[in-house]
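Work out the full structure: start from the sequences and follow the hints.
There are 2 protein chains.
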Amino acid sequence: MTDQNIADLCNQMAQRAKLASRSLATVGRAAKDRWLNHAADALLSQTTAIVDANALDVAGAQQAGLTAAMIDRLRLTPARIQSAAEGLRQVTNLPDPIGRIREGSLRPNGLEVQKVSVPLGVIFFLYESRPNVTIDAAALCVKSGNAVILRGGKEAIHSNSILHRILSDSLRAVDLPADAVQLVKTLDRDAVGYFLKLDDCIDLAIPRGGESLIRRVAAEARMPVLKHYLGNCHVYVDRAADLAMAERIVVNAKCQRPGVCNAMESLLVHTEIAQSFLPRIGAVLSEKGVELRGCADTCRALKQAKPATESDYAAEYCDLILSIKVMPNLDAAIAHIAQYGSKHSDAIVTSDWNAARRFTQAVDSSAVLVNASTRFNDGFELGLGAEIGISTDKFHARGPCGLEELTSYKYVVLGNGQVRE
Amino acid sequence: MTDQNIADLCNQMAQRAKLASRSLATVGRAAKDRWLNHAADALLSQTTAIVDANALDVAGAQQAGLTAAMIDRLRLTPARIQSAAEGLRQVTNLPDPIGRIREGSLRPNGLEVQKVSVPLGVIFFLYESRPNVTIDAAALCVKSGNAVILRGGKEAIHSNSILHRILSDSLRAVDLPADAVQLVKTLDRDAVGYFLKLDDCIDLAIPRGGESLIRRVAAEARMPVLKHYLGNCHVYVDRAADLAMAERIVVNAKCQRPGVCNAMESLLVHTEIAQSFLPRIGAVLSEKGVELRGCADTCRALKQAKPATESDYAAEYCDLILSIKVMPNLDAAIAHIAQYGSKHSDAIVTSDWNAARRFTQAVDSSAVLVNASTRFNDGFELGLGAEIGISTDKFHARGPCGLEELTSYKYVVLGNGQVRE
Chain A
66 MTDQNIADLC
76 NQMAQRAKLA
86 SRSLATVGRA
96 AKDRWLNHAA
106 DALLSQTTAI
116 VDANALDVAG
126 AQQAGLTAAM
136 IDRLRLTPAR
146 IQSAAEGLRQ
156 VTNLPDPIGR
166 IREGSLRPNG
176 LEVQKVSVPL
186 GVIFFLYESR
196 PNVTIDAAAL
206 CVKSGNAVIL
216 RGGKEAIHSN
226 SILHRILSDS
236 LRAVDLPADA
246 VQLVKTLDRD
256 AVGYFLKLDD
266 CIDLAIPRGG
276 ESLIRRVAAE
286 ARMPVLKHYL
296 GNCHVYVDRA
306 ADLAMAERIV
316 VNAKCQRPGV
326 CNAMESLLVH
336 TEIAQSFLPR
346 IGAVLSEKGV
356 ELRGCADTCR
366 ALKQAKPATE
376 SDYAAEYCDL
386 ILSIKVMPNL
396 DAAIAHIAQY
406 GSKHSDAIVT
416 SDWNAARRFT
426 QAVDSSAVLV
436 NASTRFNDGF
446 ELGLGAEIGI
456 STDKFHARGP
466 CGLEELTSYK
476 YVVLGNGQVR
486 E
Chain B
66 MTDQNIADLC
76 NQMAQRAKLA
86 SRSLATVGRA
96 AKDRWLNHAA
106 DALLSQTTAI
116 VDANALDVAG
126 AQQAGLTAAM
136 IDRLRLTPAR
146 IQSAAEGLRQ
156 VTNLPDPIGR
166 IREGSLRPNG
176 LEVQKVSVPL
186 GVIFFLYESR
196 PNVTIDAAAL
206 CVKSGNAVIL
216 RGGKEAIHSN
226 SILHRILSDS
236 LRAVDLPADA
246 VQLVKTLDRD
256 AVGYFLKLDD
266 CIDLAIPRGG
276 ESLIRRVAAE
286 ARMPVLKHYL
296 GNCHVYVDRA
306 ADLAMAERIV
316 VNAKCQRPGV
326 CNAMESLLVH
336 TEIAQSFLPR
346 IGAVLSEKGV
356 ELRGCADTCR
366 ALKQAKPATE
376 SDYAAEYCDL
386 ILSIKVMPNL
396 DAAIAHIAQY
406 GSKHSDAIVT
416 SDWNAARRFT
426 QAVDSSAVLV
436 NASTRFNDGF
446 ELGLGAEIGI
456 STDKFHARGP
466 CGLEELTSYK
476 YVVLGNGQVR
486 E
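Protein sequence lines, in the order shown, are assigned to chains A and B. According to the working numbering, the residues represented by the first sequence are 66 to 486, in order. According to the working numbering, the residues represented by the second sequence are 66 to 486, in order.
Each statement offered as a hint is correct.
Same chains, same names: a pair is fine if it fits in one copy or spans any two.
Think about it this way: if two alpha-carbon atoms lie no more than 25 Å apart in a straight line, the pair counts; the simulated SDA-like pairs of lysine to any residue are:
| # | residue 1 | residue 2 |
| --- | --- | --- |
| 1 | LYS180 | ARG165 |
| 2 | LYS262 | SER376 |
| 3 | LYS262 | GLU276 |
| 4 | LYS353 | GLU486 |
| 5 | LYS180 | ASP396 |
| 6 | LYS83 | ARG216 |
Quick caveat, the hints were computed from the structure, so don't treat them as lab data.
Below you can see the structure in the form of structure tokens.
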């Protein structure tokens with residue numbers, strides 16, 4: 066395609082999405098849930114066709130020499146398709162976020178003021194190879210009344226195409242606008258740049274993937290971006306910690322799923338308990354294959370620890386590696402987190418009421434936890450019901466983003482002839 | 066100053082603001098209100114010095130040939146200073162938005178989850194010539210726990226400098242960080258560009274002024290922007306309208322203060338009442354000096370109306386000019402507003418329950434009003450207590466922005482040893 070053709074294609078898709086979003090905005094819950102159930106049924110009844118299309122992507126990925134881990138992420142099995150269909154049915158159980166009166170008041174002049182939840186409009190969703198994200202993202206966007214333009218990875222184009230066809234056929238089948246879910250089928254990378262300029266049609270961009278994708282979107286987008294940079298998460302074990310609890314939390318935060326953003330990357334230990342806690346936790350972590358990198362005090366207490374550098378304290382390893390630093394006191398730990406942390410998820414383990422209060426107030430992270438694993442900073446675990454991503458920004462939405470975070474509001478003002486004096 | 070000197074200056078100011086914001090984030094209401102009262106007292110006791118400094122700006126503006134209206138906006142009189150001091154005291158009456166638990170839940174595993182309001186951090190506030198904005202903006206930013214970097218117009222530099230000195234001296238006097246309110250004193254326009262790059266220190270930019278300033282900030286800023294484009298507001302007079310009420314509302318929306326963003330720019334009239342309503346409202350508006358530009362039907366009914374062009378329906382006149390169009394039905398009015406409107410403030414006048422419901426649901430504007438003047442889309446009128454601006458975006462905050470809209474939130478998660486399975 067020529068540049069002009071691509072620009073036209075992007076513009077037409079965005080215009081169609083805008084029109085679809087306008088009618089979707091006033092659709093009630095029943096129709097949206099009907100679509101979710103219809104799509105779940107269709108996924109199950111078309112499992113064979115989905116697996117066949119996915120096999121083309123898997124074969125291509127093998128030819129292209131992708132790693133086994135990447136190919137596993139790409140693969141759709143009947144079990145995974147069934148799980149995606151169940152995911153759609155779970156979204157039917159979530160309340161409709163649209164039309165909720167967030168606040169209301171009666172003004173002295175008799176005006177009734179309501180602040181009512183409305184959809185954002187059109188969401189441009191960019192993601193990498195996992196094709197089940199196609200289903201999850203479409204479900205959350207449509208349930209929250211938004212049209213979505215999906216741009217998946219080129220490795221998954223056959224899988225995404227059939228999934229998109231099922232989702233849009235289901236929209237038609239329940240009399241909702243099929244353009245509410247569109248897939249960018251051109252593999253031209255310039256298409257992303259064109260979409261990011263269309264702030265008259267697209268209300269929000271959500272990039273999900275590697276840091277270079279996210280930085281590109283943040284730099285180029287003219288519309289707001291819901292994004293996630295680093296997750297450099299800390300557990301601070303206070304001098305008043307229950308050490309058995311601290312051990313459970315540290316092991317869980319580091320080892321339960323080390324590759325995710327809410328896993329612990331750095332352990333801070335109060336100096337008064339370092340001598341008792343460090344050998345104990347060091348032995349458990351080493352046994353689980355965790356590489357330890359510590360400050361001088363840590364290395365004295367733990368023979369297996371290597372010296373940590375400044376960059377270790379700033380790192381998001383996403384791996385079985387942990388930086389450790391001994392802290393003279395609580396405020397030093399708070400200052401360390403302010404300096405090196407990424408404002409994602411930070412926990413204190415303590416039985417000291419005042420230390421817990423000081424920590425929750427002074428640490429500026431999307432989730433601040435007391436006596437709990439950092440792994441709980443997650444949409445399902447915090448009760449949002451579902452999650453389209455975790456925001457590391459402070460504007461609009463912070464931390465896990467579910468259906469509510471995909472909405473805006475309008476003021477509805479009801480009167481009987483009021484004018485301003 | 067050299068470019069490097071300006072860049073260094075901007076960076077140092079932003080770093081100091083970040084530090085100040087960190088300590089301001091955990092300051093309670095009492096200290097912030099003490100500052101507001103102290104600053105109000107100081108404004109009153111230093112009225113003469115303020116008027117003297119302002120006289121230098123006024124003299125400069127006269128020499129530079131600014132219009133009488135611009136010079137009036139620039140001028141500070143003892144009465145205006147007293148009114149600004151009263152404004153500060155009014156902000157002490159507003160509740161502290163920080164630390165409010167917005168939502169909370171007890172999870173099945175025993176975790177207590179709280180969603181707690183926190184400040185955004187550092188706000189870069191750009192504005193044009195009215196120096197009392199210096200006081201208003203600082204009051205709202207600090208009361209909401211944010212540090213602010215103020216960048217006023219060069220015409221007001223002497224006024225802004227003394228006002229800033231009073232505000233920061235008052236911060237020191239009540240033991241709050243003086244860097245919580247800083248003023249950019251260099252007149253170099255490049256300084257704005259440097260600040261807009263510092264997204265590691267500055268959490269939000271708020272431009273208040275002409276469209277070219279706002280577009281520049283939106284294009285250059287790496288941090289989120291709270292902004293206000295056009296206000297092309299409509300009043301739709303339905304066939305079921307009480308015509309006396311419609312007249313009151315139309316006159317108020319157009320004439321009470323024609324230069325502001327929530328004034329009506331376009332009047333839509335249902336065809337079935339056009340013959341009775343148009344001559345009546347036309348006579349009143351003409352008497353008030355409003356120039357009328359209408360569709361063919363309008364011009365037939367109103368001899369004084371000139372033919373309107375497409376661009377009239379898209380225009381924000383901010384003046385005593387009104388475009389008028391006769392509508393075949395309610396849905397045509399909704400479609401017209403979707404096509405030409407700016408999603409700011411749009412009103413229907415009707416006694417028809419279903420028409421009112423359809424209008425409030427289908428019109429996507431920051432305020433949708435029934436039987437009330439568009440002029441009510443205002444922070445004070447809607448009960449926000451104060452207003453730092455009106456957002457025409459949907460992300461984060463929509464419509465009038467008060468103290469709540471200058472906050473974010475964090476999740477505080479309280480447990481007794483929970484780990485993820």
